[in-house]
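A.B. asks: We have chain A; now place chains B and C onto it with these hints.
Residue numbers (full-length UniProt numbering), protein chains in the order written: chain A, 1 to 333; chain B, 1 to 235; chain C, 1 to 290.
Non-contacting residues of chain C with respect to chain B, defined by C-beta distances greater than 12 angstroms in every case (computed):
id: 1; residue: Gly118
id: 2; residue: Leu274
id: 3; residue: Pro281
DSS-like, lysine-lysine: derived pairs with alpha carbons at most 27 angstroms apart:
id: 4; chain 1: B; residue 1: Lys130; chain 2: C; residue 2: Lys165
id: 5; chain 1: B; residue 1: Lys126; chain 2: B; residue 2: Lys169
id: 6; chain 1: B; residue 1: Lys126; chain 2: C; residue 2: Lys165
id: 7; chain 1: B; residue 1: Lys169; chain 2: B; residue 2: Lys196
id: 8; chain 1: A; residue 1: Lys91; chain 2: C; residue 2: Lys265
id: 9; chain 1: A; residue 1: Lys91; chain 2: C; residue 2: Lys288
id: 10; chain 1: B; residue 1: Lys155; chain 2: C; residue 2: Lys165
id: 11; chain 1: C; residue 1: Lys165; chain 2: C; residue 2: Lys189
Now the in silico label distances, taken between C-beta atoms and shown as ranges:
id: 12; chain 1: C; residue 1: Phe160; chain 2: B; residue 2: Ser9; range: 44 to 54 angstroms
id: 13; chain 1: A; residue 1: Val186; chain 2: C; residue 2: Lys189; range: 37 to 47 angstroms
id: 14; chain 1: A; residue 1: Gly66; chain 2: C; residue 2: Leu279; range: 35 to 45 angstroms
id: 15; chain 1: B; residue 1: Pro38; chain 2: A; residue 2: Ile80; range: 53 to 63 angstroms
id: 16; chain 1: A; residue 1: Ala273; chain 2: C; residue 2: Leu218; range: 17 to 27 angstroms
id: 17; chain 1: A; residue 1: Gly66; chain 2: C; residue 2: Leu218; range: 27 to 37 angstroms
id: 18; chain 1: B; residue 1: Ser44; chain 2: C; residue 2: Phe160; range: 33 to 43 angstroms
id: 19; chain 1: C; residue 1: Glu214; chain 2: A; residue 2: Leu136; range: 44 to 54 angstroms
id: 20; chain 1: C; residue 1: Leu218; chain 2: A; residue 2: Trp87; range: 22 to 32 angstroms
id: 21; chain 1: A; residue 1: Arg127; chain 2: C; residue 2: Val259; range: 24 to 34 angstroms
id: 22; chain 1: C; residue 1: His89; chain 2: A; residue 2: Val186; range: 25 to 35 angstroms
id: 23; chain 1: A; residue 1: Ile80; chain 2: B; residue 2: Gln193; range: 57 to 67 angstroms
In short, the hints are calculated from the structure, not lab data. By construction, the Cβ of each residue, glycine as well, lies at the ideal position given by its N, Cα and C atoms.
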Amino acid sequence: MDWLSFTIYPVYLMIFMCIYGCLAIGLNIQWGYAGLFNAGLAGFFAVGAYTSAILTTSEAAGRLGGFDLPFPFGLAGAMIVSGLIAWPVGKICLRFRSDYLAIVTIGVAEAIRLVAKTEDWLTNSARGITGVPRPLGDLPYAQAQLAYLAIVGLILIVVYLLIERQAHAPWGRMMRAIRDNERAAVAMGKNVPVRRLEAFMLGSALMGLAGGLYVHLARTITPDAIDPMLVTFLVWIMVILGGSGNNRGVLLGAVIVWIIWSASEIVTDQLPAEFALKAKYGRMFLIGLLLQIVLRFRPEGLLPEKLRRAPLSEGALSPTGHGARIQAPHKEI
Amino acid sequence: MSALLKMKSIRAGYGEADILYDVSMEVAEGEIVAIVGPNGAGKSTAMKSIFGLLNIRSGTITVGGRDITGWSPNRIVNAGVCYVPQVQNIFGEMTVHENFEMGAFLRKGDFSASLDRVYALFPDLKAKRKTIAGSLSGGQRQMVAMGRALMLDPKVLLLDEPTAGLSPKYMEQIFKICRDVRAAGVAILLVEQHAKQALAFSDRGYVLAAGRNRHEGSGPALLADRHIAEMFLGG
Amino acid sequence: MDIFSFVNFFLLPGVVQGSIYALGAIGITLIYAIMRYGHFAHGDLATFGAFTALFVAGLLGLSPYAALPVAVVVAALLAIAIDWLFYAHLRRMPKIITTIASFGVALMLRSVVQIIWGVDTTSYTRGISRPENWFGIRVKPHELVTLLVVIGLVIALHLFLTRNKWGKAMRAMSDNPDLALLSGIDNNKVIAMTWVIAGGLCAASGFFLGLNTELRSLMGWNILLPTFAAAILGGVGRIEGAIVGGLVVGVTEELSVLVIPSEYKMLSSFAILLVVLLLRPTGLFRGKIL
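Bound conformation, chain A alone (with noise of 0.2 angstroms):
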């Protein structure tokens, strides 16, 4: 036994890690900067994932495709095409404040599953979509999956690098204002609706990379092989336990949370067959148990953004600006 037999398992983490951050730092863009509730960012990265399958997979009966587009072209339609999705979303719902954002996007999920599993002509229904190639995914097993870390890891860094030279532009600054004081931004002659659809569609077409490289790792896809609930969750506790507002702080989220996730699952997978099912359900409940005691305790997360003056007080820890009302000063309602 080789060496690097010992690195695959650590090496399919960190993969699944990179593949998180990429959905935090999109997820980051909506909540952190612009105060948007995406509750169904499953969907856009299912999206993403039937995208980048359908362009570069070779030609399959009865199912759009054959293709055969290099890789960086299928994750470029991902983006594009999940990009374009949550363009009528935001259209629509922006206008409000972001509770109505969070239940359409909740069925903007619900209807991209359904068509996933229904269209035979675009998705194979529940058969999937198979043989989704992976670059240099000739090599031997442990040697492939090496190299798709580093391609991973260096889609991450470049997003991450680009997403921060973008926050610390006047466009992050602009976003931040917004999100903060959405009268004053206005009175400013900022264009406020444009402006928040563009943070919607740059984040949603993130989640379609991730989803894009999602699918280049799995090599297959079906309707039923991404958990709705819990991908959109993981992602959120990943935010809001790591800063949100702060790129470097939904990345160390994602790492812990993604390392919570899996060596509860590495726990729970000694346990006898008929308490390991149901331990999945308890480490669901203790990542939402997680998410009660973060925003309980340390709401501003673990690195907050440090932009923001007073980290608890009222409109400071993201959100609302969309038509909040101004609090009364009674302390309990």
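C.D. replies: What follows is chains B and C alone, placed relative to chain A:
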């Protein structure tokens, strides 16, 4: 004459910023007292500070000698001070009668005597008791707002700009109602934009500017002071 | 299609399903009205209520109908406990934070159901119930019970909100929270009452969903979208709107199979939601926009 409601050297503000620096005033039984002054003087803020709606940094507020500084609105209402905010002062989706019932929320037992008294003060509203309050005219809404506050039989009624946006006819009517309320044994502290008219019918007045007391005295005396008239009452 | 098949195959099932949505939507709209946030754990609380009824019925050997009141009480208490544990301390924060917390609570509730009762489909009763024929209109007994109980609950709620002092206080808090506080209405009691009502109705909606279809750990999550669509269609904060909205969504879902493939039936509520947000975000009864 003993002070019913007394504010002593109040310093207060929202969040970090102070708006009132040093405000003192008092209302005795059976008095109508007006707070006037330029925009941004802190008139409404002074009134809200009585109700614990902003952070009081120093000073005390007493009602009948009892210190109520920092109490919750709910306890202050029970202590006999009722407050009519300038805006959003009625339950617009509920009937006139239900507004009054909500005014009497803290009362235990029968409150029909208070209800009769309120309808006696506002006879117009008796016919509209089943009407949704939000559909009434501006003047009638102000009456609903005052009626709601009177349902607890307060000792002092605080009115924040009761005549804002009303026609002169309604303004006169509100002032007349204030006198009727006083006649029923309730003292009134009101903030007014229409300084001259308010001082003319008030027993006493306070002129506030930049978060501090500037002048005080009887209504007619303040009106007669040329300096005050020029500086604060619009000539 | 003659009138009888329209009523038997579309209208009646739609009304039954719609009244189930209405029960959930009333809770959603009340929580919005009093606390001003969207409560995303509503569906999973309904699942919990449905399984509680199953458990109680099995434990005591009761008919599921007798277990319903127990489930309602348990869910009402659970709702208060959830508020106390997870939402109460967030009241000073932007409202959307509580919505996020409720998303987490949804996951927790679902996990609890899955741990205790597993993920397999089950039902309250075995066998097929025969519909009664009333002059050509065929109603199954459990459908009749669903409609009667829902009507009863709605009347009781209406009387509470218009006749009872605390019911009026709830409306006052929804109408003008600042003035309600100035009138001495105890915010915490109103919030607790809101949770009792919303939680209880939630359990009832889960129970009737289970009675008319089947019990699954995802049953509540799957009605979250139609329930929200019903609340928003009716007008946020409007009880009567939630009822009408629920019925419209339920009937539309049933009728949708005439025009779209049945696989996409679940999306008709989503389409309604989008149309309402586009054309009339205050809903049919001029509700609040948050």
